[in-house]
Amino acid sequence: QQQVKQSPQSLIVQKGGISIINCAYENTAFDYFPWYQQFPGKGPALLIAIRPDVSEKKEGRFTISFNKSAKQFSLHIMDSQPGDSATYFCAASRTSNTGKLIFGQGTTLQVKP
Amino acid sequence: DVKVTQSSRYLVKRTGEKVFLECVQDMDHENMFWYRQDPGLGLRLIYFSYDVKMKEKGDIPEGYSVSREKKERFSLILESASTNQTSMYLCASRGTGPVYEQYFGPGTRLTVT
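Protein chains in written order, with the working numbering: chain A, 1 to 113; chain B, 114 to 226.
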């Protein structure tokens, strides 16, 4: 079965620190790698996404780093804030009309004030 | 603004009952998905539909069925609920074309006793 492995399962970071979440995938046909953010009581929402033709994508304090040869990608949250406390999911898919996503196991991030 | 709504936020059912979970989206999306979310396992795809009356099994379809009679509505059916189906159920939708974002509903927390 195609898998996406995510680590760590939980993460505690001090306010202002850097949060790093890692994901590894198996299927080299994957060509779309999004990160979703989920707050308690809400459904996941797209945070940032990358395609394998670039090695890094930055949106504000959030950066995806992508290593195609290692089949790994990671989310970096700079200057982490208590409002970033949420569950983060990486995912991967082959771009197609259905856009079926394979999700990682999720990381619960707590940013301490 | 895309909106995906789910019929119930919390549901308690007894073992053996037939359970219907309803999902409605207002963006005329072709693709709709049902996931279950369990701690440490991430989001796992149960079924998806790429058009009215069309459906495909996801990774964990056993014990579930779906119905899509209208484009905006996608129903998940538990034919005979069991305690191991106690979970958070999330519905999502996505259009076709180059935009691959999935839009999620708030989820239904189902408890089977």
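These are computed hints drawn from the structure, not numbers from a lab.
Note that the coordinates shown come from a computational prediction; the quantities given were computed from them, not determined experimentally.
Any given hint could be a false lead.
[As the list claims (entries may be wrong)] DSS-like mimics (lysine-lysine), calculated; alpha carbons at most 25 Å apart, straight line:
#, chain 1, residue 1, chain 2, residue 2
1, A, Lys68, A, Lys15
2, A, Lys42, B, Lys166
3, B, Lys126, A, Lys100
4, B, Lys170, A, Lys5
5, B, Lys126, A, Lys57
6, A, Lys42, B, Lys126
7, B, Lys116, A, Lys5
8, A, Lys5, B, Lys184
9, A, Lys5, B, Lys166
10, B, Lys126, A, Lys112
[Stated by the list, open to error] Coverage of chain B stretches by chain A, computed from C-beta distances (three or more under 8 Å per stretch; other residues unrestricted):
#, region
11, 189 to 200
12, 218 to 225
Where a beta carbon is used, it is the ideal one built from N, C-alpha and C, also for glycine.
Subject >> List of violated hint numbers, smallest to largest >> reply: Those not satisfied are hints 1, 2, 3, 5, 7, 8, 9, 10, 11.
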